[in-house]
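Chemist: Next come the chains, spelled out residue by residue.
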Amino acid sequence: DGGITQSPKYLFRKEGQNVTLSCEQNLNHDAMYWYRQDPGQGLRLIYYSQIVNDFQKGDIAEGYSVSREKKESFPLTVTSAQKNPTAFYLCASSIIVEGGPQAFFGQGTRLTVV
Amino acid sequence: AQSVAQPEDQVNVAEGNPLTVKCTYSVSGNPYLFWYVQYPNRGLQFLLKYITGDNLVKGSYGFEAEFNKSQTSFHLKKPSALVSDSALYFCAVRPGGGFKTIFGAGTRLFVKA
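Protein sequences appear in the order of chains A and B. Each number in our numbering comes from the position in the first sequence (counting from 1) with 533 added on. Each number in our numbering comes from the position in the second sequence (counting from 1) with 54 added on.
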C-alpha cells in the first residue's frame, strides 16, 4: 500500500536529549513537510523540502533539524534547544504542481518530555 | 498577514441534521482552499479542495464546501450528519503562487445520536 509511515507512534524524551522522528513515504512525492500540532493552535510548519538535499525553515524551526538524503525519507530531530517539545508531530508529502495539490499525512508521533 | 480563521472551536449537531463548519481566510492573490479531517491520534485526511471553477466543491463522505470570494469564506457543509462524522476539522489555504499551506486552528464537530 502507498502511504506515509511515521515512527515511533509514541516517544518519550528526557530533558537535554536529542530525539529523531522518522518519516518515510513510498508515494514518489517530491515535497515533504513536518508540522507540529498543539491543542487549539492548528498545525504549524517546522520544515519543508521540495527536493533531495534541500530544505527550508518553516514558521517554528528553532530547536529542530532535518535532513533529506533520500527522496523517500525526511527525518526530524528535536534537539535539546527546543524548550517545549511535547506535542503531536505530523509528517506530510505532496506532489509539486501548480494548482495546490493536497497533502498526504502520516499517522503522527506523540512526543512527551519526561 | 496571511491567515485562516475557524471562528467556532466546537460545533454540535444532531444526527440527520445538516451541518456547517465555518472558515474564512485572508491571503494575497487567488487562494487554493482545502478541508481536512482528523480522528483522534491520527493524521489528517483530505476531504476536498477548491482550485478554480464552480464555487461548490464536492468531496469525500458526502461533504461539500462553498467558496465565496466576496466574503473570503470556504464553509464546509453536509446535508445530513452522521455520528461517525464526529472529528476535528481543519480548513487550510495555500496563497496563489506560494508553496506553504496555512492551517486554521481546527473545529471539533460533535454529532449526537
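Hints listed in this document are in silico derivations from the structure and should not be mistaken for laboratory results. All values reported here derive from a predicted model rather than from experimental measurement. Beta carbons: idealized from backbone N, C-alpha and C, even for Gly. A couple of the hints might just be wrong.
Distance condition first, Cα-Cα at most 27 Å in a straight line; then the derived DSSO-like pairs of lysine-lysine [claimed, not checked]:
no., chain 1, residue 1, chain 2, residue 2
1, B, K112, B, K131
2, A, K616, B, K103
3, A, K590, A, K542
4, B, K131, A, K590
Partial list, derived from the structure: chain B residues whose beta carbon lies under 8 Å from chain A [unchecked claim]:
no., residue
5, K112
6, A159
7, F164
8, K166
Chemist: Next step is simple, just say for each hint if it's right about the structure.
Modeler: Now the hints, each set against the structure:
1. The straight-line distance between the Cα atoms of K112 of chain B and K131 of chain B is roughly 10 Å, inside the 27 Å bound, and the hint therefore holds.
2. Among the hinted pairs, K616 of chain A with K103 of chain B is inconsistent with the structure: their alpha-carbon atoms are about 36 Å apart, more than 27 Å.
3. With a CA separation close to 24 Å, the supplied pair K590 of chain A and K542 of chain A stays within the 27 Å bound.
4. With a C-alpha separation of about 34 Å, the suggested pair K131 of chain B and K590 of chain A falls outside the 27 Å cut-off, and the hint is violated.
5. For K112 of chain B, the suggested interface contact is broken, since its CB lies about 15 Å from the closest CB of chain A, more than 8 Å.
6. Of the supplied interface hints, the one on A159 of chain B holds, with its beta-carbon coming within about 4 Å of a beta-carbon of chain A, less than 8 Å.
7. Taking 8 Å as the C-beta contact cut-off toward chain A, the hint placing F164 of chain B at the interface is violated, the least distance being around 16 Å.
8. The beta carbon of K166 of chain B comes no nearer than 22 Å to any beta carbon in chain A, farther than 8 Å, and the hint placing it at the interface is violated.
Of the numbered hints given earlier, the model fails hints 2, 4, 5, 7 and 8; all others are met.
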